[in-house]
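From first to last, the protein sequence lines are chains B and S. In terms of the numbering used here, the first sequence is residues 1045 to 1246. In terms of the numbering used here, the second sequence is residues 228 to 696.
No wet-lab data here; the hints were simulated from the structure. Source: prediction; values computed, not measured. Some hints could be false.
Think about it this way: if two alpha-carbon atoms lie no more than 20 angstroms apart in a straight line, the pair counts; the simulated SDA-like pairs of lysine to any residue are [said to hold, decoys possible]: (1) S/K481 to B/R1238; (2) S/K590 to S/L619; (3) S/K238 to B/V1204; (4) B/K1209 to S/Y252; (5) S/K318 to S/G346; (6) S/K394 to B/T1149; (7) S/K481 to S/T468; (8) S/K394 to B/E1170; (9) S/K652 to B/V1169; (10) S/K652 to S/P668; (11) S/K394 to B/V1204; (12) S/K392 to B/A1060; (13) S/K392 to B/R1238; (14) S/K481 to B/L1246; (15) S/K233 to S/T494; (16) B/K1209 to S/Q253; (17) S/K394 to S/S442; (18) S/K652 to B/A1235; (19) S/K238 to B/R1238; (20) S/K392 to S/K481; (21) S/K394 to B/A1235.
Residue-level listing of the chains:
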Amino acid sequence: MDRFEVLCCRPLPLLAANVDTDIITPMRRLTGRNARPLADYAFEAWRYDTGDADSGTPLPDFPLNEPAYADCAIMLTGQNFGCGSSRESAPRALHDLGFRALIGTSFGDIFFNNCFQLGLLPVVVEQSVFERLVETTVEVQVDLAAETLSWGDELISFEVNPLKKRCLLEGLDTIALTLSHESEIADFQSADRRSRPWVYDL
Amino acid sequence: MQGMGKTLLDKCWDAHVITDLGGDYQLLHIDRHLLHDLSGPPSLRTLRRRGFPVRNPELCFATPDHCVSTQADRDDASTPSGSRLIPMLRKECGESGIALFDLGSAEQGIVHVIGPELGLTLPGLSIVCGDSHTCTHGALGALAWGIGSSELNHVLATQTIIERKPKQLRVTFSGRLPKGVHAKDLILHLIATEGVELGVGHAMEYAGETVRAMSVEERMTLCNLSVELGAKIGQVAPDSTTFEYLHGRRYVPKEAAWDAAVRFWQTLPGDASAEFDREVSIAADSIAPQVTWGTSPMHGGAVSDVVPDPLVYRGGADVSGVRAALDYMGLKPGQPLCGLPVDYVFVGSCTNSRLSDLQAAAKVVAGRRVAQGVVAWVVPGSERVKREAELLGLHRIFLEAGFEWREPGCSRCVASNGEYVPPGKRCLSTSNRNFVGRQGPRARTHLASPVTVAASAIAGAIVDVREWD
């Protein structure tokens, strides 16, 4: 996983409510052989005139097709973004498109965890902060180390779990971290086996 | 937030904490890891290539369901995705020592149907699976939730997961379900009235006399749609109904071990003094059969309602979203839902493919014919459901009516096996998601109960089963 750097750009707005992971990465692009990289199929039902990345033409007013956002790393997301299926292809496609931070008022719970695993930071902000972000036309800075968002005269703090933060900043793999607790896992299992033998005696 | 007492979730959660990891995250033990053909094989292969062994293969169980064909005489090669992923699942499970309920075996089926059926799902167990509908297992009082593929790798390598305890929300249902109204209607009603964000950041507990009177299979339908409320976890406290359901199943403890387990399980229901972060109460006795009209599970209501005006729906809170949904669905504000012609019907999925679902559907189908031009499928949730249904002669009822009686799998719920609803076609489905493109590109999905779906197949249009003789 890449180390998370300070981000600075005009954020891309994708403000629809309850965007589900089926819209972000349709199932048929996860099971078949694709002509293009996964990121090209992200949001294809909304992004191309035919709803199909292979046959369609990009719709000019869909934000992902706007040249102004070509190098964008920050997305403003509508409420409950990433609800639905647990598929990790959804945050992966967003990462492949160049996004490193998503800012919204709420995220799907499974999607929220998946983002961290891929080096994508989901930032939860208050509705009033979100509305000011949507209105701004200047660049926004996301500083994970400082846990701040800043743009114009605004400086907003956000919270992120210290473990998740460390993993993002250092590009750490959580499997290695957890295996450092191996003796505690083994101790837990041997004690638990005595109190709940039916868990283990299969 | 919690008072002196502990909730069901508190008790389940606290029993699995290995250590605190700083902030609000903890390292939790995972008692059962269920794998399927879509998310399982790539993770097992990734892990092997990275040099990590599966830490506790004896606690992992796999079955192919997402990519399997549901046609008769199927094999791995019957679907393009299956031809690649099912042999890979078989090979990786073999190398890791993970038990596989393979295609063609007597146990194969949708992972959320076979878990409880085999007794792999038990009260108080922590259960994860690379599938968001893992919340289904909470119907037996398990702590169960869906995870992504990186978390899946982590569980395989460590038999643990890094998680934070969610907030807690109890929904209390009172009263008896009216005629023609089922568990599916109850949960669709909750989603339609409270919205798909109700449970974000929360674990749900479903309680009250209505739930206590439900079978375990009905409770599974309820818990299955928790994730459609935004909650990863949905639970029902275990009781004598749960224990009767489990007794004698394959992986359930036997004899003295059973007695000890039941004594433990009886301690799991929440204490009377336990407090929840949020509480919602629903009167079940005034609920109508439900059907969705849009592209979110919250876009729905009573089957007797009309399609809403986007300017009026929820006070105009999402005008552009609702307009887009109606455009996708080919519907106009004010249009009645009853009488809307359907092209396809689907009885199946981890929501509604168990024996009691098929029995309820067969009851309205018996002696009748599917309307001309309607493609009607019944896809049993597992080989066991299929066998039990055939012993009762349900397959003959469906076949004589003009339904296809198919082999077990996820099928037309998610179409990862290529079993699509064609573009522009309208499908009434017992599944869980009506998202854009879910059943195939431009497919139009309406969610409803097995009884509403079955009756509508006969009528060729959406019907109100309360008016069905």
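Checked hints:
1. S/K481 to B/R1238: Between S/K481 and B/R1238 the Cα gap is close to 16 angstroms, so the pair holds against 20 angstroms.
2. S/K590 to S/L619: holds, 12 angstroms
3. S/K238 to B/V1204: With a Cα-Cα distance of about 27 angstroms, the restraint between S/K238 and B/V1204 is violated, given a limit of 20 angstroms.
4. B/K1209 to S/Y252: Holds, at about 12 angstroms.
5. S/K318 to S/G346: violated, 25 angstroms
6. S/K394 to B/T1149: Within the cut-off at roughly 17 angstroms; holds.
7. S/K481 to S/T468: holds, 18 angstroms
8. S/K394 to B/E1170: Given pair S/K394, B/E1170 holds - Cα atoms ~18 angstroms apart, limit 20 angstroms.
9. S/K652 to B/V1169: violated, 40 angstroms
10. S/K652 to S/P668: Holds: S/K652 and S/P668 sit about 10 angstroms apart, inside 20 angstroms.
11. S/K394 to B/V1204: Given pair S/K394, B/V1204 holds - Cα atoms ~17 angstroms apart, limit 20 angstroms.
12. S/K392 to B/A1060: violated, 28 angstroms
13. S/K392 to B/R1238: violated, 25 angstroms
14. S/K481 to B/L1246: The given pair, whose Cα atoms are some 11 angstroms apart, holds under the 20 angstroms limit.
15. S/K233 to S/T494: holds, 11 angstroms
16. B/K1209 to S/Q253: Judged against 20 angstroms, a Cα distance of about 15 angstroms means the pair holds.
17. S/K394 to S/S442: Violated, at roughly 27 angstroms.
18. S/K652 to B/A1235: Given that 20 angstroms is the threshold and the Cα spacing comes to 56 angstroms, the pair is violated.
19. S/K238 to B/R1238: holds, 18 angstroms
20. S/K392 to S/K481: violated, 32 angstroms
21. S/K394 to B/A1235: Cα-Cα ~28 angstroms, so violated.
Violated hints, in rising order: 3, 5, 9, 12, 13, 17, 18, 20, 21; the structure is consistent with all others.
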